[in-house]
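Letter by letter, the chains look like this.
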Amino acid sequence: MQPDLSSYLFIGAVLFVCGVICMATKRNAIGVLMGVELVLNGANVNFVAFSKYTALGLDGQVFSLFVIVLAAAEAAVALAIVLNFYNNHLTVDVDRGNKLKG
Amino acid sequence: MSWFFTIFALAACLGAVAVVISQSVVRMAFWLVVSLGSVAGLFFLADADFIGAAQLLIYVGGTLVLLVFGIMLTASGPYMKIPASPAETVVAGLIGLMFLFMVFSTINDVDWNGSKDRIMAASGQTEKPAGFDDGSEGNTLRPLGFALLGVRPDVKDGAGYLLPFEIASVHLLVVLIGAAYLARAKRRQDVA
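The listed protein sequences correspond, in order, to chains L and R. With the working numbering, letter number 78 in the first sequence gets 127, and the count goes up by one each step, no holes. With the working numbering, letter number 138 in the second sequence gets 235, and the count goes up by one each step, no holes.
Because the hints were derived from the structure by calculation, they are not lab data. Incorrect hints may have been included.
If you only want the chain R side, here are some residues facing chain L, beta carbon under 7 Å, derived [as the list claims (entries may be wrong)]:
no.	residue
1	Ile148
2	Leu163
3	Phe196
4	Met199
5	Ile216
6	Pro240
7	Leu279
8	Ala280
Positions of the beta carbon are idealized from the N, C-alpha and C atoms, including for glycine.
Kindly generate the complete structure, drawing on both the sequences and the hints.
Structure representation (structure tokens):
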């Protein structure tokens, strides 16, 4: 398979869809986080592919750098929240976090 | 080259699917390592050498280690596996396949080369910007560094990224302080 723009976009689409399914179906909070990471990686693949195969130029790579940095920050905060949730509920099942339910 | 691309593409996609399928969180973390590492290989093949290295360092080396620490701290005994109900799995698989089909058909329908020509005509460029998308080069470190400092020698009238870079720096600092504050060990206050 010769790499071209469409094949990179297909890979990005597969990563994105897997991430969305992971976010929607996993009941473990850390599994949900992994889904978010997959989605962000799909977006990064698209950025880098457009940076190489279109006139977007270097901007796509700069954006994917920012995405990587923000994903690291997001993971740190989300893990802190998950640890707090675990301390309070003694589980990481996201279905148990229903205290605000009316 | 194309062999490498096929291998990395298959590993990235199959790793992502395995993340969705596997039940144990630890196995999910392992498949995520496979998938993200292969994506780094794809970045190298797309002449984005610095992004690939950053992906390996920050994602595989940093974020995933953080996730594994989270698993170690929270996955105790019966909470290693929290299974979803079969009906949920079937519905999620169906919706995922439909979504994937939609995105694939969209990618197939768009005329990417035509849109590239239109963008280049609209922005007044006659040839692709040099220095990073030429397959023989792939040396993006210097232009990326210049771009983050707000200088764009490779683009005519190009704007740099100094302000987003500073915002991201401050954001990272605030986030790390906030995370340490959130995850601190609290004193237990027993209500008598």
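Cross-check of the supplied hints:
For R/Ile148, the interface hint holds, the least distance from its beta-carbon to any beta-carbon of chain L being 5 Å, beneath 7 Å. Contact between R/Leu163 and chain L, as hinted, is supported at the beta carbon level, the nearest pair being about 6 Å apart and thus within 7 Å. Because the smallest distance between the Cβ of R/Phe196 and any Cβ of chain L comes to about 5 Å, under 7 Å, the interface hint for this residue holds. At a threshold of 7 Å, the smallest CB-CB gap from R/Met199 to chain L is about 9 Å, leaving the interface hint violated.
Annotation: interface hint on R/Ile216 holds; nearest CB of chain L at approximately 5 Å, less than 7 Å. A distance limit of 7 Å between C-beta atoms decides the matter here; for R/Pro240 the minimum to chain L is near 5 Å, and the interface restraint holds. Because the closest C-beta pair between R/Leu279 and chain L is about 4 Å apart, less than 7 Å, the hint holds. Against a cut-off of 7 Å between C-beta atoms, the interface hint on R/Ala280 holds, since the closest Cβ of chain L lies about 4 Å away.
Hint violations for this structure: number 4 only, all remaining hints satisfied.
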